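Engineer: Given next are the chains, with one letter for each unit.
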Amino acid sequence: MGKAAITLTVNGAEADGLVEPRRTLADFLREDLALTGTKLGCEQGVCGACTVLLDGQAVRSCLLFAVQAQGASVTTVEGLAASEDFDALQKAFSDNHGLQCGYCTPGVLMTTRALLDTLSSPSENEIREALSGNICRCTGYHGIVEAVKELTAAQA
Amino acid sequence: MSELTIPRGKHVGARVNRVEDPALLAGEAKFVCDLTLPRMLHAAFVRSPYAHARITSIDTSDALAMPGIEAVLTGSDITAYPLSDLVALEGLQKTPQPVVATDRVRFVGEAVAVVVARDPYVAEDAAARVEVDYEELPAMTSVEAAMGDDAPLLFDDLGSNVVFQTTRTFGDPDVAFASADRTYRRRMRGNRFVAAPMETRGVLADFERASGKLTVWSSNQMPDLLRVTLSAVLQFPAQKLRAVAPHVGGGFGQKMTTHPEEVVVAYLALQLGRPVRWIEDRRENLLAAAHAKEQVIELEAAVKDDGTILAFRSRCVGDAGGYSFNQASALIEPWYSATLMPGVYKVQNYEFEVLAVLTNKTPIGPYRGVGWTPGHTIREMLLDEIASDLGLDPAEFRQRNMVTAGEFPYKACVGQVYDSGSFIESVDKALEMIGYEEFRAEQESARARGCHLGIGISPYVEPTGFGSEAAQQQAEFPFPSHDNATVTVDPTGKVTVALSVTTQGQGHKTTFAQIAADTLGVELEDIAVVQGDTDTSPFGMGTYASRAAVIAGGSVALAAGEVRQKILDAAGVLLEIAADDLTIESSRVSVKGSPGRGMSLGDVAMAAYWAPTTRQEGKDPFLSATRFYDPKATYGNGCIVAVVEVDVETGHAQVKRLAVVEDCGTVLNPMIVEGQVRGAIAQGIGGALYESIVYSETGQPLTTTYLDYLLPTSTEVPSIEVGHLESPSPLTVGGIKGMGESGLIAAQGAVVSAVIDALDPFDPEIEELPLSPDRVLRSIGRISG
Ligand code: FES
Ligand code: FES
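If you read the sequences in order, they're chains A and B.
For the first sequence, my numbering gives the first residue as 1, with consecutive numbering after it.
For the second sequence, my numbering gives the first residue as 1001, with consecutive numbering after it.
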């Protein structure tokens, strides 16, 4: 299968690749760039574990081909962890026990980041609605919702 | 201090943040799918599209000819003993499962070949090119069909698809039923639902030819058992085999048993002399990883007019799938339903019949709450029916029949000895939390406006801390179940705790450090907990059956206690004072009552290791101890109360509120306990309303994506209020009980009862779960079929 050359920005740095058109963005990030923080839970576009930010929008990297990210700016959990406001995210999730096995967590954090950027003073229902695309099998969501509530309250 | 007490300093019982969190939040934590090795190859399985068939031929030539393919193996190319269960219960038939099918497939998804390629995409391409010819056989997708007179057999030599059948009688149920004022009967088909951990299964195996060392990283809950099993089925020397469970993204029981794929990947690494990785995709996980829960249960109750339950009679038929799956066997469901059926109720007359039946579906394995979930659900459904028939309040009726505070230890008729508990109190507290009286008033007024609210009350007892005695009480065979911990203080005074239990998200690195911290008098940050690697952890059974807190907690406390004594002995020599007069606090050893007189733990440790003067005749100077713990059986309890709203036009049921009271004895870390309870309850809500593996009549699975297999999300699971009661176990170290499964044992029953209560005006008829909208509408006759 022929390969395509792509260039994009990942976590603020330029990343090049030579990829098959069918290669998913998730596999490109995880396998080619060794950014394994992004997780795959279903590869069916349902669970949200693979959520990354593409030009600021939360997207499912299992549903995108790497070639579709040509020229775009992608942020993964590794990029988020290096950002200034990560401490607050980390504290809120840890204080509220918003994770157990942590497998869904990178996706949840990316969705949370996008939510904090788009919703101001959301209600609990709005928060639950915004998180409903991220499946967590461990926590029953309670700690995740509490963490996000705390973060949105701090932001308001 | 007796060995049963553990010191409680500032750590045990505190809401301590988890030491696991930073690496997980930063995306740094490595799961199997994140591990790579030089020259690593990728495996993909070819799986049967038929539920029941004979394999007539396999042609691998096209696949092998593809560029980038390293190997294609069929069942006959693989030298490995088949997998079988380890259950020594008389009469249980064995159904050995080849790790890759050789001549016969018994469920859709059974592996028939495996492809190894340099690239995972190419491995999947090649898997699609393996040509397998099948001669289809009739498939049986229900226990009724498989038990039919001329049902085709899954294993010809067994002569029947029923691999186990037994009856047990306790007390005198016949007399009780004959003398009862009323008798009741219910039948239910419990849904097949699955653990669905967010991380699917995955294995990476590496064989170093020169040293002969085989390392297997697997998303597995029991690495020691995996190592022993691999050694046995591959006939590979165990001393050269290392099994590692790195970060594991949820297990919930599914990752307890050794799955065939783990053997195959290890075999491939051995054969090819290169690392081989297999990462399961979600479709495979829903197809071929162990399923759970499905049973057909009938339950009868004999009751007096005053509301006393005299006796139960049950028949639990487990739908085992294609094999009595290793290592737990087909009994993992029906046996446990049957044996815990009396639950929190004082019923001493009981008869059960247990059957385990093979069908052409994915094998059933353990999943949180094992057989207890459906047994509990049908019992609570039946109790609601009885209460309503007798005109009694469902809470009061239940409480009237429960074991009371003064009756512990209480011996249940099947043989479990409930060591302590708060059965009645937990119901009171949960009802208070939900506001029971107010709810009944609200329910009535809501009904008047056409809004249908219902409440379900589900009190539970949970067998925990599965050790040898619990195995005997619950499983009727003395499976020696124990674990070990090694606690070591190094010459700098820092602590390593090595555990034989593994974690899949339960926060062990935090809770067990809390125990060691209080026992040794050090801070949490002075402790490292290691686990999940057979090279560095002491041997043990691993994590399952709500046993880690009890067993690892106990073994850590015992080992840390022994090390503490060694530290005090050494410090006694150094300070020229009796060890009994010394204490340790914040890593400082000092004389009780005169904190000024002492020295740092680091200095004591340094001297203990290296100063000849601290050596005492006949004493082992090494500041380390390994302790084994095989606890007495201990039982947690609690009560879940759920409030649901049902839309009788659409059939949609939504859990509006949920309160739970849990009693797991001594609480090590309330935050972690609450997390476990809430997570398990979410799974129970899934099992009540959403989750179901569905098969077509020909045995085709229809739920192979998360679009079809519905997991509850943040909009389906309400905020769950957790209350605590503490009835410490008089039998276990520290009074610790387990609690990991209770939510899934009891939440399905709570939610189902609540839906039935909401639908009360319509006389719902419910025999199958989950209560999806179509089933709700059918139950009240709004749609037919
Ligand atoms: S892995 Fe992308 S949505 Fe599940
Ligand atoms: S923490 Fe395990 S799936 Fe969310």
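Be a bit skeptical, because a hint or two may be false.
Said to hold, decoys possible - Calculated cross-link-like contacts (lysine to aspartate or glutamate; reagent style EDC-like; alpha-carbon spacing at most 16 Å):
1. B:1656 - A:78
2. A:3 - B:1428
3. B:1030 - A:124
Stated by the list, open to error - If you want the footprint, here are the derived chain B segments under chain A, 3+ residues with CB under 8 Å:
4. 1025 to 1033
5. 1699 to 1711
These aren't lab readings, by the way, just hints derived from the structure by calculation.
Everything numeric in this text was worked out from a predicted model, so none of it was measured.
By construction, the Cβ of each residue, glycine as well, lies at the ideal position given by its N, Cα and C atoms.
Engineer: State for each hint whether it applies.
Structural biologist: Hints and how they fare:
With a C-alpha separation of about 37 Å, the suggested pair residue 1656 (chain B) and residue 78 (chain A) falls outside the 16 Å cut-off, and the hint is violated. For the suggested pair residue 3 (chain A) and residue 1428 (chain B), the alpha carbons sit about 66 Å apart, so the restraint of at most 16 Å is broken. Taking the CA atoms of residue 1030 (chain B) and residue 124 (chain A), the gap is near 32 Å; set against the 16 Å cutoff, the hint is violated. For the region 1025 to 1033 of chain B, the assignment as covered by chain A holds, since 8 residues bring a beta-carbon within under 8 Å of that chain's beta-carbons and 3 suffice.
With 4 residues carrying a beta carbon less than 8 Å from a beta carbon of chain A, the region 1699 to 1711 of chain B meets the three-residue requirement, and the given coverage holds.
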